[in-house]
Every structure is written in structure tokens, then in C-alpha cells.
Amino acid sequence: MVDRVDKNEKRTDNKNISSNIDSRLLLIEQQIKTLPSNDTIKQLTTAFNYLRLLFSQKLDNLEEKLLLATNNNINDAATQERKRSLVFIGSEESTLSTECAKAAEDMATAVVVLDMLDVQSQPNAVYRLGKPNSANNGGRLIKVVLPASVFQHVALGKWKQLRTDIRNKAKYKRLLIRPSLTKEELEKDREERNKKWKMKEMNNITTRESNTYQILLFTESWLGHSINDPQLIQNLPYNIIRSDRQSKKGGGVCVFLAKNISFLKIDIPKNKNFDLCAFDIFDSKTISKHRFILVYRPPSLTNFDENLELHDQLSILCSANFSTTIIGDLNLPKINWDTKSSTNINQTEKCFLELSNQLKLTQMITFPTRENNVLDILLTCTPHIITNIQSLPPFSQNDHISDHLSFKFQLCFSQEQQTSLTKLDYKNANYDNINTYLSYIDWNNVFSYSTEIDAQYQSFINILKTAIHLYTPIKKSKSLISKLPKHIQSMIINRDKLFSQYQNNQIIEKINQTSQKIDKEIQRYYRNRENSKMSKLETKYDFVANFLKNRKTNIPTLIDEENNPIFKDNEKAEQIAIFIEKTQTKQNSHYDITLKNPQQKINNIDISELNVFELLSNLSNKINESSDSIPEYFLKKCSATLAYPLYYLFTKSFISSELPEKWKEAIIVPIPKTLNSSSPNDYRPISLLSPISKIMERIIYVQLVKFIETNNILPDSQHGFRTSKSVTSQLLETFNDLTNSIENKEIVDVIYFDYRKAFDSISHKKLLDKLTNFGITGALHKWIASYLSNRKFKVKIQTSFSNTKSIISGVPQGSILGPLLFILYISDLPEKCKTKGVEIKLFADDLKAYYISKPSPSFSSTLQNFISNLEIYSAQNDLFLSTEKCKVLHIGRQNPKSQYSLYNSLISSIQKEESIRDLGVHFQSDLKWDSHINIIVSKAKKVMFTIIKSLKTNNPHILLNLYKIYIRPIIEFASPIFNPYLKKDIEHIETVQKTFLKMLGHSINDPQLIQTFLTI
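Counting from 1, position 114 in the sequence shown corresponds to residue 114 in our numbering; the numbering is continuous, with no gaps.
If you're looking for bench data, these hints aren't it; they were derived computationally from the structure. Note that the structure is a prediction, hence the values are computed from the model and not measured. Cβ atoms here follow ideal geometry from the backbone N, Cα and C, with glycine treated the same way. Careful, some of the hints might be misleading.
Straight-line distance between alpha carbons at most 35 Å, and here's what the computed DSBU-like set of lysine-lysine pairs gives [unchecked claim]:
1) LYS549 to LYS673
2) LYS765 to LYS745
3) LYS143 to LYS173
4) LYS183 to LYS259
5) LYS540 to LYS942
Label-pair ranges, simulated between beta-carbon atoms [what the hints assert, rightly or not]:
6) GLU871 to LYS964: 20 to 26 Å
7) GLN993 to SER288: 52 to 58 Å
8) THR436 to LYS939: 34 to 40 Å
9) LYS582 to THR366: 50 to 56 Å
10) ILE287 to GLU561: 17 to 23 Å
11) SER490 to ALA455: 38 to 44 Å
12) SER149 to ASN895: 22 to 28 Å
13) ASN531 to GLN993: 47 to 53 Å
14) GLN347 to PRO485: 51 to 57 Å
15) ALA78 to ASN621: 56 to 62 Å
16) ASN681 to ASN445: 26 to 32 Å
17) ASN934 to ASN462: 37 to 43 Å
Put together the whole structure using the sequences plus the hints.
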């Protein structure tokens, strides 16, 4: 035990010391006064009084420090004790007569429990918390103090494994064990456990019911910003809509919709007092709509004005000219929905009753959902489309049981049926037979039937498809509906049979036990599946990536220009294709490039069969889609037999300056920039090109880059897509200039420019003219001209395609040559826009310009002149700057914070407390790194929490490997730039690794894994 120091006693001792010192000083002062009076004595007296005052202040400071140190020691000792202590809950009080006997019995109970938990140590102390006579169901808490924190860690780990077995014994059926916590820690722990339970229960429900229910709606979801959508969906066939509580704990609503349901999310302003989300679903046959509104009103919402806000929101959402249903929990137990009346009516209840009457809503829930009250609602204006309403038992898991019944219902609505698809199983093809088949092909004879490259290439593809058809098995595509093992499905069926007998208490207990067994079996099934995925290199990273980013999110319902919903995949694809086609730029015919005759030229490319073989051998193992339907994996497996025919086709293509049409076709897969967006411009087009054409591009790229770098064609300011240059090299140059300006007491304005759809906007004719001026001529120039001309694309969504569209501008995105051609296109920008004193930095299409100078009235005019030059250059080269995305950063204490205009609109400034993201690094006006470090630490922790909470494994080697792959790169990216040197920044960054190791340590229960963890 720690001796506690009484503050009053210590303060009394200090007063005694002070009193003794004062009496001695007084005696000396009296002796001084008896001496002859002169100036020396007066000075000595003054000095002595000053000394006494100073000494008294020092003594007071000493007293404060002594008390502070004493209290800190007490707090440290108490903290250390908590770290090695356990708390037993639910252990009944001893009935023995004496306090010593009761304490001995508690000690014996603790020892027995610790033995069952395999804790190889006796407790230092065991005692009850609280007053002996306090009323406490199940007895007061028992605190067990252990010799070291490692014993607490082992005990808690073993409790997780063995608690079911221990609680099967009658004496310990109510036993719970937790670490010793402060009041604040206990409240936080309770909140975190509730969040964890809610999320785990949602995961269990969505997993076991994904083949039963098309829509799952949850109130009081308890979700927050630290939990992302992929972590909730876990690769299940659902889209998600959620509205999380912003400020207070708890609350929130969440909806899971099957991916084959066409829906449109309704944007609703956030409100801190209640939780609300809404969405429209579309009938695929009748093209009719139905709106669902999910609401949670907390019982603490007593202010009438705040309730009126909810009333108004519901009224607005229900004003649509089609059927509406409100589902959720209003927490209004006094309302009698049958008679539309209220006992002891108040304003709030009257308000919501009037709303239901005005909207002609019918309450479909006729049974109590909590005790004897109907708290949950299913209010609809079209009761005929909602049928088969049934109550379900409350959600339950381990020690948590919800106090609300759940319910299910059937909605009479049509939806698109998912068809079973088949595809070629390239991974299990017989490549020995395929290569033997291809080795007997006389390719010279095959290609002799036509002199056209397109016909020759089609013959080549047909032969490959024949070989694939003969020796590649077919497999069914994975169903969107996840199927659980049969024994788990049987358990779910048995549990469902018990629902009709729910009012029986014994049945209730049996249902809860069955649900818990189902959840455990589901967890075991997914743990085994996870171990299988994580043990294979080809599936490991895709499996983890599914938790970090939902890459399979389908396209939700889109809204066209006339505000009509589009929910069929082929119509969505067409709508997005039309938007992409509109973003292309027509050439500005008023400006042409002046052609030159450079001394150094490149007009030919060397192609060899060996080079083709090497490139084929180094392809990835992707089963990627393309216009010619030949994946990289197949080409890699057949690299030896395909090297010659591809060498022939590449040579033929280059000599004739013609490309097969399939090489010019792109399949575009739209990736949403934001979840559940209904606008076609909120999708990023990802181009899938023929892997064979990309091999040809790679051959040209290598030799073209060598010519460009040898002849210094590209400006030094361009750091994108170049050897020996990178994001870091560009930012180092910029940061060096900025810090030098601060040291020289100069001011800087940095303007960040953003080009709109830059890669898709460049003029093909002007690009070819610029290539000529660089010395790229002859057959190579003609081949590139053919490469850019007559290109086409079509958009793919699921298995549907849009109509084929033409590409009239831009370079192919997703290609090998595209980025190189783009930086060649804008390589004259620094020279054309040259302004004295202005530094230009480029990384592909990311452009920034800054001007460094001593403060002067004409400071801003220099950069404004540069902007004028840039406007002219952009117009001449068919590029357009996005004014709303351009920003200016002001640096320097004496900076006048000048305003700049682009296209007659002001460029917005970055405020002092804000930062701007520059190639992944966040810059502030004071050149400090607080903002950047906060952002990367927050992002790294979010990824870390997602990985640890989503995966079932606690193997330290696997988790440490994932930490190095997914988390460390976040905090190490461009670290030479911000290079933390302040202690607070270093410690802040190190919290990522410390938190990871702490979470990793707490997740390990196996003693062997603990030893492995300690060696890390």
C-alpha cells in the first residue's frame, strides 16, 4: 500500500519551519537596531528585510513543489496499481459473520478464478469496493491487485477464451472480469464497448441475413468517422447509407441496400439533435418510386422547438408526389397509434400525431417493441404495398441484449434479378497444351493471307481464342449473395422457427443462446476463410484492400439533365459516356505551331523478338479486361510461343504506321469520387486498354525517353514521369526556395493552378507539330499520329456497355505513352510564360508559380503578369484553368496578401490557420508542419484501426507485415520534406507505432504468440 501524505499535516510542518525562520530573523533585526545609527546600518537593515521577503517566497514555492510532487507520486502509484489490477463483477457477498472471514473467502474466490485463468501468481491484495452495507445486486465489486501488469494482461486474455466455460459453473454464472479503471476511463470503456457491440452485431446480421433481406435498417448505430463503409460492408453485396451522430455519443442511423436495388440517396442537412436519412427506390417494371425515411429521435429531445425541427424535416421529405414510408424509433411511448390519441398529451406528441394525420400515414406496427410500448414506427401512406409484418427477437451478442424488438416486413416492389454469369478460369487453364497448340502454328502462313495489319491481328486473336476455348475451364462468377455453410443455415432456420413462440421466457433464452451460437459459427467460418486468404500471396492483398476501400461499389441511380432517374446499367453507362464525350476539347484553329527543323532527330525504333519475350515475361498476373479479351496472365504464361507472332505484328504496325482497331478501343470503368453520387460528373474514368498494345508502347517509350533526356528536351522544372525526378525532388527545390526567403526576410506568394481535364483536352494536331519540332519525325511520327487518331471508347457498368463514342482530343489515359506525350505537349509552358523573377514548378499537369521579393508596392504585379501570360498560353493550347480550384499561399510576416485574378475572377487565398495540399504534402503559410503531421497521423491511425478491427487474426507477423505495407508509407511519404525535428512532432508521429503495438499486444491471447510479440 502507498502511504498517503496528509496535506494539512504537511502544511502545518511548513508553517512551523517558516515561524522558526521568522523568529530568528526578528532577533537579528533587533540586534541590528541596537547598533549606532548610520547609513551603513540602514542599508544593512533594508537588505536584510529584502532577504527575509525573498526567503519567504522561496519557502512558499518549495512548499507548493513539495505538495505537487507528493500528489504526483500518489497519482503515479495509483495508476501503476490500476495497471496490474482486475475487477470482478457479479460475485456474491459472503454470508460469514466476521469481516476477516469474508475477506478470506473473497481471497479464495479470486485465487480459484485466477487458477482457472492459468495466472501463475498469487494476488497481492483482494478487497471489496464500496460500503459494506450498500445495496448491490450480485454483491459489491471485488478488486484484485496482482504483482505485475503482465498477469493482468494474461488474465484478461484467458477470460476472453474461457469465460463461457467458467460461467457454466453455477457459482460464477454472473461473473464478469474487467481491468481496473478510473471513472473517466470506465465511461469511455463503456462507450467503446457499446460501439464495438453495435458494429459487431451489424456485421453479424448483414453476414447471416445477406441472402434473406434486401434492405436492412438500423437505428442507434453508434457509428463515427473512424469507421469507414468498407469496414461495415466487408465485401458483402450491399451499398450503405448512413447518418452518424456528430457531437454527442450514441445515436445514428444506417441502411444497407442490396446491390441489385436501384436507389437514390436524398441529401438532408445534418442536425445534432436527431438522426435522419432518406432514399428513393425504383420499381424496375413500373418505373415507380417509393421513398423510405429512417429516423431516430432520442428520448432526451424534450425541447419543443427542436422537436419542431424534426417535424418540419419529416414534413418536407414526405411532400414528394409518390408513396412514402417512415421507419425508426420516435421514443413517444404515450401515443396510441390505433386511436390516434395520446394519454396525458403534450406538445411534442400532439405535433407528431398531427403530422401523421396530415400526411394520411398509417402505423403498421401493432405490437409492443419495448416492454409494453410501441416506440418503433412503420408509418406509410400506402399500406397495401407493405405486407407480412412480423416481430423478431432483439439483437443479442454475448452479454449484450438490446431492449428493443426488431421486425421485418415485405415490400411489394419489383427489382432487377441477378443472373448467374460464367467466365473463363485462366488461372487453371492447361498452359502446357495451349503452348503446344500455339507452337504448331505457322504464323508466317497465317499472316500471308492479308497485308492489312487489322486483318492479321484479328487472325492472331482468333487463334488465341481457339486455344483458350480448348484448354481453359469455365467457372461461375461469384454470386452477389454470400452463402454460409449449410450447418449455419440450418441453425438460422431453427432459430427462425422459435420466433412464433417468442413470448415464452424459456424460448427467449433459447433464442438468445441460438443467436450467440450462430454468431460464433459465423465468426469461426470467416476466421478460417481469412486464414486461407492470408496464407496465399495472390489473394492476401486483395482481401485486405476490400476492408480499406470498397472497390466493388456499383453505380447508384443517376439523374440526367432533365432530372429523370436512370437505374438501368446500360442507360447509366450511356449517360456517363455522353458526359465524357462532352468534356473533349475542339481545337482552337486561330493558333498554329510554327514548325522548326531540329538538328537531332529520331525517326525509327528497334524491335527485337528477344525484347518482346522479355516484356511478355515481366507482365503481371492480372486477369484484366480489354477490348481484345486477352488478359496479361495468359500472355505471360505463353510468352515463349507468342514472342515471334507479336514481334511480327509490332514490326508490321510500325513500318506501315497503322494500328489494329482493337488497340485504339478503350473500355472505361467509372469509379465514384464520392459514395452514392447521382451526378455523371462525379465519376473518374479508368481506361482499360489492350495489354498487347501496351507492350508495343513500352518498346517505343524506352527509346523515346532516352532520346528526350539525352537532348534535354524537357524543362528542368518538370518533375513528373521522369527518371531521377519525383514528387520529393520537386518539393525539395520549392521548400528550399521558400525557407531561404524567410531567412532573407523576403515575402513569397505561391499560386497553385489546376487544369480542368488536362489529359483529355490537348489538341492532336498541335501535339504532333510539337513532336516534329522536338525531332520526332519519320515513321515514328506517323505511328504516333495513327496511335492518336480514330480512337474510341465505351463505358462498362457491371455487364452492360454504352454505345461506342469517338475520341477527338487528349492522350489515352491508362496508357504507357500518354503521360510522356502530355509532358512533351506542355514542355514549352515555362518558356512561353516566362516572367522575370517568377519560378515555375511542374509535376505533369500540376503547376505552381511563386515570386520571391522584398516588400514593395509593385510586388503583386509580377505574378499577375505571369497569370496573363498563362491565360494566353492555355487558350492557344486548348487548355482551360479551373478558377475555383486555383489557390494562393501568402508567406512572410510583412506579406500584403495581395489578390490575384484569373479569367476576371479572384483566386481564393489560403488562410493562416489553413493548409494547401501540394503533391500529397500540406503546406502552411508559416512553413510549419503541424497540419501535415496531424493529417498523416490521423489517416495512418484510421487505416490501422480498420485493419485490426476488420481482421480476425492476431498473428503478430501478419499484422506487422500489413503495418509495413499499408500504414508506414502514409507517415513516411515525402518525409525528407517535412523531416520532423520538434520533439512534439516526433512524439506525435511515434504515437502511430506505439498505438499499433499496444493494440497488437492487447489482441494476443496465445502464450506462444505473446513470446513472438515480445521479440518484435
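Structure-based check of each hint:
1. For the hint pairing LYS549 with LYS673, the CA-to-CA distance comes to about 12 Å; that is within 35 Å, so the pair holds.
2. Between LYS765 and LYS745, the direct Cα distance comes to roughly 47 Å. Violation of the 35 Å bound is thereby established for this hinted pair.
3. Taking the CA atoms of LYS143 and LYS173, the gap is near 19 Å; set against the 35 Å cutoff, the hint holds.
4. For the suggested pair LYS183 and LYS259, the alpha carbons sit about 44 Å apart, so the restraint of at most 35 Å is broken.
5. Taking the CA atoms of LYS540 and LYS942, the gap is near 20 Å; set against the 35 Å cutoff, the hint holds.
6. Between GLU871 and LYS964 the beta carbon distance is about 47 Å. The supplied range of 20 to 26 Å is therefore violated.
7. Here the CB-CB span from GLN993 to SER288 is close to 55 Å, well matched to the stated 52 to 58 Å.
8. Between THR436 and LYS939 the beta carbon distance is about 51 Å. The supplied range of 34 to 40 Å is therefore violated.
9. Evaluation of the 50 to 56 Å hint for LYS582 and THR366 yields a pass: the beta carbon distance comes to about 53 Å.
10. A hinted range of 17 to 23 Å for the beta carbons of ILE287 and GLU561 is consistent with their spacing of about 18 Å.
11. Separation of SER490 from ALA455 is about 59 Å and departs from the stated range, judged on CB atoms against 38 to 44 Å.
12. Between SER149 and ASN895 the C-beta distance comes to about 53 Å, which lies outside the given range of 22 to 28 Å.
13. One distance hint, 47 to 53 Å for the beta-carbon pair ASN531 and GLN993, is violated here, with the actual separation near 26 Å.
14. At about 54 Å, the beta-carbon gap between GLN347 and PRO485 stays in the expected band of 51 to 57 Å.
15. In this structure, ALA78 and ASN621 meet the distance hint of 56 to 62 Å, their C-beta atoms being roughly 57 Å apart.
16. For the pair ASN681 and ASN445, the beta carbons lie near 51 Å from each other, so the given range of 26 to 32 Å is not met.
17. The hinted range of 37 to 43 Å is not satisfied by ASN934 and ASN462, whose Cβ atoms lie roughly 58 Å apart.
In the structure shown, a violation is registered for the earlier hints numbered 2, 4, 6, 8, 11, 12, 13, 16, 17, in ascending order.
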